[in-house]
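In the numbering used here, the protein residues as written are 1 to 247.
Because the hints were derived from the structure by calculation, they are not lab data. There could be a bad hint or two in this list.
To be verified - With a Cα cut of at most 30 Å, we get these calculated DSSO-like pairs of lysine-lysine:
| hint | residue 1 | residue 2 |
| --- | --- | --- |
| 1 | K144 | K191 |
| 2 | K195 | K207 |
| 3 | K191 | K67 |
To be verified - Across the chosen pairs, the derived CB separations fall in these ranges:
| hint | residue 1 | residue 2 | range |
| --- | --- | --- | --- |
| 4 | K115 | T74 | 31 to 41 Å |
| 5 | G94 | L244 | 15 to 25 Å |
| 6 | E80 | D135 | 27 to 37 Å |
| 7 | R136 | N107 | 23 to 33 Å |
| 8 | K67 | G22 | 16 to 26 Å |
| 9 | K119 | A211 | 15 to 25 Å |
| 10 | G75 | R212 | 45 to 55 Å |
| 11 | P199 | T26 | 18 to 28 Å |
Every residue gets a Cβ at the ideal spot worked out from N, C-alpha and C, and that includes glycine.
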Amino acid sequence: MSGHSKWATIKRKKGALDAKRGKLFTKLIKEITVASRMGGGDPNGNPRLRKAVNEAKGQAMPADTIKRAIQRGTGELDGEAYEEILYEGTGPAGTMFLVEAMTDNRNRTVAEIRKVFEKNNGQLGAGGSAQWAFDRKGLITLPKDAANEDQLMDIAVGAGADDYTDLGEEWQVVASTDVLDTVVKSLEEAKITVKSYGPGYLPKTKKAVSARDAEVCLNLFDTLDDHDDVQNVYADFDISDEELANL
Numbered sequence: 001m002s003g004h005s006k007w008a009t010i011k012r013k014k015g016a017l018d019a020k021r022g023k024l025f026t027k028l029i030k031e032i033t034v035a036s037r038m039g040g041g042d043p044n045g046n047p048r049l050r051k052a053v054n055e056a057k058g059q060a061m062p063a064d065t066i067k068r069a070i071q072r073g074t075g076e077l078d079g080e081a082y083e084e085i086l087y088e089g090t091g092p093a094g095t096m097f098l099v100e101a102m103t104d105n106r107n108r109t110v111a112e113i114r115k116v117f118e119k120n121n122g123q124l125g126a127g128g129s130a131q132w133a134f135d136r137k138g139l140i141t142l143p144k145d146a147a148n149e150d151q152l153m154d155i156a157v158g159a160g161a162d163d164y165t166d167l168g169e170e171w172q173v174v175a176s177t178d179v180l181d182t183v184v185k186s187l188e189e190a191k192i193t194v195k196s197y198g199p200g201y202l203p204k205t206k207k208a209v210s211a212r213d214a215e216v217c218l219n220l221f222d223t224l225d226d227h228d229d230v231q232n233v234y235a236d237f238d239i240s241d242e243e244l245a246n247l
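Model the full structure from these sequences, guided by the hints.
Laid out in structure tokens, this is it:
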């Protein structure tokens, strides 16, 4: 549940550690709760909830935990009222960051997010200060061994996807948000495993960073992503393979 670029696999390799700390479960429970509140508690009639439940099951979340999260969202059980917020900010060398968060205390969260930016040579901005640098897209990730390029071209692009990218250990398929569900359905009908999918942000232009700027950008991204209230982080910086090896 992070940004998307060729270095994003660094964060994915930390998935098991995040799960042990309970951070991943916390994020998934919040998503299930909000999805239930917005679209109802039936996954069959609520695509956002169905996606969240599938991801939770994929992380071995107990069925009772999923059920309680749904019931809190529908109001059957008491629980926190989470609010969805998009934070925008800048990092080193003019890089742009978008942070999707869910919180039950807006004042606390904005203060903590601002502090993360400031500690990493960045600044939390006003609405519209960074979003202009990104396109809203449907993003689908697949295990590398789930499909080959011919299949992605025939099935994903054939169903309306814009493009696909090799992220090293995974494929990323990009589509407009209005055909996202159609592309996912086509992949699943072809027995191609879909690891995750949903609307997200892609930078219109990537900014190459190196040396100290690259190190600080990575730390800013990681620290934001590890925050309990943060669901997703997107950034427009790019780091070469050689620079990554040095880091």
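Results for each hint:
no., hint, verdict
1, K144 with K191, "14 Å, holds"
2, K195 with K207, "28 Å, holds"
3, K191 with K67, "28 Å, holds"
4, K115 with T74: 31 to 41 Å, "35 Å, holds"
5, G94 with L244: 15 to 25 Å, "20 Å, holds"
6, E80 with D135: 27 to 37 Å, "32 Å, holds"
7, R136 with N107: 23 to 33 Å, "27 Å, holds"
8, K67 with G22: 16 to 26 Å, "18 Å, holds"
9, K119 with A211: 15 to 25 Å, "19 Å, holds"
10, G75 with R212: 45 to 55 Å, "49 Å, holds"
11, P199 with T26: 18 to 28 Å, "21 Å, holds"
Consistency note: the structure conflicts with none of the earlier hints.
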